[in-house]
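Undergrad: Let the sequences and hints guide you as you build the complete structure.
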Amino acid sequence: MKMLNRSFLVIMALFVAAILAGSPASAADGKNLILATTTSTQDTGLLDLLNPMFEKKTGYFVKTIAVGSGQAMAMGSKGEADVLLVHSPAAEKKFMEEGSGVNRKLVMHNDFIIVGPPSDPAGVKGMKSAPEAVKQIAAKGALFLSRGDNSGTHAKEKDLWKKAGVNPEGQKFYQQTGLGMGQTLNVAAEKKGYTLADRGTYLSLKKNLGMDILVDGDKTLLNIYHVIVVNPEKFPKVNTSAARAYADFVVSKDVQAIIGKFGVDKYGSPLFFPDAGKPDND
Amino acid sequence: MELILEGIRKAIWLLFTFDPEVLGITWLSLKVSGLATFFSLFIGISLGTVVALARFPGRRLVVSLINTGMGVPPVVVGLFVTIFLWRNGPLGFFELLYTPTAIILAQAVIATPIVAGISLASIQKLPEALRLQILALGATRIQMVRMLIREARLPLLAAVMAGFGGVISEVGASIMVGGNIKGYTRVLTTATVMETGKGNFDIAIALGVILLIFTFCINAILTGIQQRERPR
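These protein sequences, in sequence, are chains R and E.
Our numbering numbers the first residue of the first sequence as 1 and each following residue consecutively.
Our numbering numbers the first residue of the second sequence as 283 and each following residue consecutively.
Treat the hints with care, since some could be wrong.
Listed below are the simulated DSBU-like cross-link pairs for lysine-lysine, each with C-alpha atoms no more than 35 angstroms apart in a straight line [to be verified]:
1) K234(R) / K464(E)
2) K105(R) / K464(E)
3) K278(R) / K464(E)
4) K313(E) / K158(R)
5) K464(E) / K191(R)
6) K266(R) / K407(E)
7) K407(E) / K207(R)
8) K172(R) / K128(R)
9) K464(E) / K206(R)
Just so you know, the hints here were simulated from the structure itself, not pulled from any lab data.
Here the structure is a predicted model, which means the values were calculated and not measured.
TA: Here it is, written out as structure tokens:
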């Protein structure tokens, strides 16, 4: 048994050595920035454009963790992220009230749209009110795919059902995918169902989907993105200087101009509309 | 069907034009899963051999645990490793979360029971008389264990292949502990998930095909070594 103990120790030593060797000095010198964000900012490709610019300008290394807004804020409220770029205003306000974040700034908006099969079995095309539209989808029993993942889009969708006075939970026409926006759109397309999507992700996926925008333009469908620095007083391990630099970066004039132009060449219209500095009602 | 052909064409194109991003992702996949398998071999073979040879109370329970470990979902491993590696978690001071090392760690945890289970079975299957004979010829215990491992090297290569195949193809743990960060922790499987989410099915298929090509090559080499000599 003695021999085994020794070899076990050797292995453990090797293992620890490997772990230490594998983690470059990076961690200690505060060069890493953990950005927790939504799938929509990644799936549209916006962050692939912005983050390298930020890295080049500041020397920080951005670790983008693209999850739903709900999960992003959960990471923030545990101090496991440095900066958040999210779109779930009601949950964000709660996040700020809990003292988990500081310095919440308006970044940009686009809008949510109700998309569905071109045949439009529930006949919602062109309806002006989004709550009325989901009410009609429910009344007709047409399939509706929900993200079901506590993302910003899911929060907005729940809000619509509430406004419509319908509780879709557990009803036959209502299915939850638990997936990101892109995958949920694919599921909806495959099952010929309706879903709520942000315009950016829809536009970037449009070519393969065969789904139409059926309802848009309702004021309740506004999709607003904020950047939030995670509170360093509550979580001392947060890389505040990097987080603040990132927040300042996304609301800076140059970057706002880039956001406003992003996607125009590819989709004919911008995917996001820059809002920094505008009055923030939400 | 056309999409699959398009994907295969794209895979070949990406490989032969040496697309730097795809090459980087592929290299990282091989490196991470290779290292994870390597570490899991040390721990797994040692553990499997000890449990195969030693007799102690509760041994059956340990064997059952190892066999159960062979089927633990990677995503569960990923969840636990994430919680341990959180900044404010027990191993947070290493600052390993969202690094390639974190993926190696998680994958090693996934592969270890696979390697241990197969090692255990193959060492245990060696005839009892062999052990006695080796000892009777005056070998020390260490020499005996070495010889037994040598005798079982063909099934042990199967353990290598199973371990490597298990980790290079898993996605749940890699995406949780690695974060799918571009140019840093993005591996073939997590990139495939992301491209699927983006609706780039052709690229997703291409990445899948590349994964298959490399896994096939590595298994072909290992199988070659394994089959060169037939077990007596």
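Undergrad: Does each hint hold? Answer for all of them.
TA: So, going through the hints one by one against the coordinates:
{"no.": "1", "hint": "K234(R) / K464(E)", "in the structure": "29 angstroms, holds"}
{"no.": "2", "hint": "K105(R) / K464(E)", "in the structure": "26 angstroms, holds"}
{"no.": "3", "hint": "K278(R) / K464(E)", "in the structure": "32 angstroms, holds"}
{"no.": "4", "hint": "K313(E) / K158(R)", "in the structure": "44 angstroms, violated"}
{"no.": "5", "hint": "K464(E) / K191(R)", "in the structure": "31 angstroms, holds"}
{"no.": "6", "hint": "K266(R) / K407(E)", "in the structure": "62 angstroms, violated"}
{"no.": "7", "hint": "K407(E) / K207(R)", "in the structure": "57 angstroms, violated"}
{"no.": "8", "hint": "K172(R) / K128(R)", "in the structure": "26 angstroms, holds"}
{"no.": "9", "hint": "K464(E) / K206(R)", "in the structure": "24 angstroms, holds"}
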